[in-house]
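Q: Throughout, our numbering is defined as the position within the sequence shown, counted from one, plus 171.
Hints are supplied without guarantee of correctness; some may be wrong.
Unchecked claim - Straight-line C-alpha distance at most 30 Å; calculated DSS-like pairs for lysine-lysine:
id : residue 1 : residue 2
1  : Lys277    : Lys211
2  : Lys268    : Lys301
3  : Lys341    : Lys227
4  : Lys341    : Lys326
5  : Lys211    : Lys268
6  : Lys320    : Lys277
7  : Lys320    : Lys268
No lab work stands behind these hints: they were computed from the structure. Just so you know, these numbers come straight off a predicted model, no measurement behind them.
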Amino acid sequence: MVIETDRLILREYTLEDFEALFEIMSDPETMQHYPAPFDKDRTMGWITWNLENYEKYGFGLWAVVLKETGEFIGDCGITIQNIDGEMLPEIGYHIHKKYWRRGFAKEAAQAARDWVFENTQYDTIYSYMKYTNVGSYSTAMANGMKKVKEYPDPKNTISYAYAITREEWKRIRGRNV
172 MVIETDRLIL
182 REYTLEDFEA
192 LFEIMSDPET
202 MQHYPAPFDK
212 DRTMGWITWN
222 LENYEKYGFG
232 LWAVVLKETG
242 EFIGDCGITI
252 QNIDGEMLPE
262 IGYHIHKKYW
272 RRGFAKEAAQ
282 AARDWVFENT
292 QYDTIYSYMK
302 YTNVGSYSTA
312 MANGMKKVKE
322 YPDPKNTISY
332 AYAITREEWK
342 RIRGRNV
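Produce the entire structure from the sequences given, and follow the hints as far as they go.
A: The structure is reproduced here in structure tokens:
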């Protein structure tokens, strides 16, 4: 599975992505909205979890690579997440902090959103995040999502859930998909 955008390639993880992913996931600033940065075991578990998701669901978080250089800069894709007690399809993303504020998360998330509506039967796709994660909910809004829920979450204190429906996506895309 490969998705191409103007500047990015989204592809399935491989074990060779470990070092580049660990640089991102072990960084305290990048992981400030998580309970803690990831250690090596948790990072390897992240890759393994996504490899299992590809087998189980046909999707997961995908490696985000710059088209121009081939550099791994993060991940973005779809996972099934517990959002206020419901297991729902969720677009998640992590971009290396040296590439923040350049629109890469938005570009990758839009590609993942389009992939969901073009390749699955889901009628709504979500993104959820800790209430303090302005970058994440800004990306969700740039992806056409609206805040649909705010709820207490033991992991995040308070989580926000954003969503977009297939019908809203069709209007954004301007076509009858």
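Q: Take the C-alpha atoms of lysine 320 and lysine 268, compute the straight-line distance between them, and say whether it is at most 30 Å.
A: holds, 27 Å
Q: Is it true that the CA of lysine 277 sits at most 30 Å from the CA of lysine 211?
A: holds, 27 Å
Q: Checking one constraint from the list: CA of lysine 320 to CA of lysine 277, max 30 Å. Satisfied?
A: Distance of about 21 Å is within 30 Å: holds.
Q: For lysine 268 and lysine 301, compute the direct alpha-carbon distance and say whether it is at most 30 Å.
A: holds, 18 Å
Q: Regarding the pair lysine 341 and lysine 227, is the alpha-carbon distance no greater than 30 Å?
A: holds, 27 Å
Q: Is the hinted pair lysine 211 and lysine 268 satisfied, with a Cα-Cα distance of at most 30 Å?
A: holds, 19 Å
Q: Holds or violated: are the alpha carbons of lysine 341 and lysine 326 at most 30 Å from each other?
A: Violated, at about 34 Å.
Comparing the model with each earlier hint shows a violation of hint 4 alone; every other hint is respected.
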